[in-house]
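**Q** Here is how the chains run, residue by residue.
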Amino acid sequence: MGGVISKHSARENSRYIAKLYGLDPDYVEAFCRWVCGLQEYFDQPLATYSSGMRSRFTFSLLLALDFDMYLIDEGMPGSQDVEFNKKAGDLLAERLKTTTTIIVSHDPATLEKFAKKAAVLMSGQLHMFDSLEEAKQLYDYETQG
Amino acid sequence: MTMKPKAEKYRIRKPAATADLTSQAETAVSASPQTETGAEIPDKQRIVQGQTNQQQSVPNDPILDAIRQEGLNARQLRTARRVAEKHGLPFASDFEAVKVLRDRGIDPFQRNNLMDMVTTKQDGKISLPQKITPSQVPAEISKETDMSPAERRALEVSQIQKDLGRRRRRNIFFLTLRLIAFILLPTFIAGYYYAFGHHPCILLNRPSK
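Protein chains in written order, with the working numbering: chain A, 1 to 145; chain B, 1001 to 1209.
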């Protein structure tokens, strides 16, 4: 997740992005402050953040914006902060109930968590399956057979 | 994982055959403490020795058989032997050492508690360890956190939002105060002075009647 300017503070970034999406900047800022829990560092430039703080902020920004569809690549932002993980995990689970998610992963456990249908990309062709099991069979056949 | 392992595997033991051998060897070593040159003897020989040792030293004794059935590991047997030696008890094999110790009412596998070394008596009084009330698991849910997570989230976010608004209002108030104090007020004073005061330059520039 990018789209933030490291010269600007988290507050400025969040308000700017909220304006771009036509949302209430106050709400987005408050929401981000609550989710990422950066406290006084929220007013510091993003360049001064550690990578964990930065990923927490960008992830909270992602959650603040209500998308219809989420594209999740393998590299999901992983944070070590327990409280943040709890907050963000609850929120994401709530979102995923009402939204469409397209997730790319090699890990079957991750896919089982998010997806109902799966497709396998094999030699330039996308094989779509109605169930995860069928896709797993093809994937395993390709990689281990 | 369904990925094919790419790294080569080294030093992988064959599970069944070697494990069996090593376990036998362990018991054999533990059973023959007298052989000082145990390291130099090849494994197979040692096993044979150990087995013969056991066979020789252990006649058909139901108690010993029962102990053997317990499935004690090599480490426990070594411990038993050491403890028996410490107490100066005669024994011919490891299992006998266990038996002898048990006859004496000594548990061969009980760990020596380090805390026992600390004398509990001080000035004739018995000092007990500090009593700590164990924490309750799971913790009781307090009234504040009784709301559903979504409600609490909405509440906390709205609180932060209100706080933001309050801070902004306060900042604007102090900004206007500074503007008034340092810009508007001096401007009016200066303006009044030049307009109605008796400043020489104004007097000079005044059109003469």
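Think of the hints as simulated: they come from the structure by calculation, not from any bench.
C-beta: ideal position from N, C-alpha, C; glycine also.
Some hints could be false.
One side of the interface only, derived from the structure: several residues of chain B facing chain A at Cβ under 7 Å [unchecked claim]: (1) A1154; (2) L1155; (3) E1156; (4) V1157; (5) I1160; (6) Q1161.
**Q** Could you work out which earlier hints the structure fails to respect and list their numbers in ascending sequence?
**A** The structure conflicts with hints 1 and 2, although it agrees with all the remaining ones.
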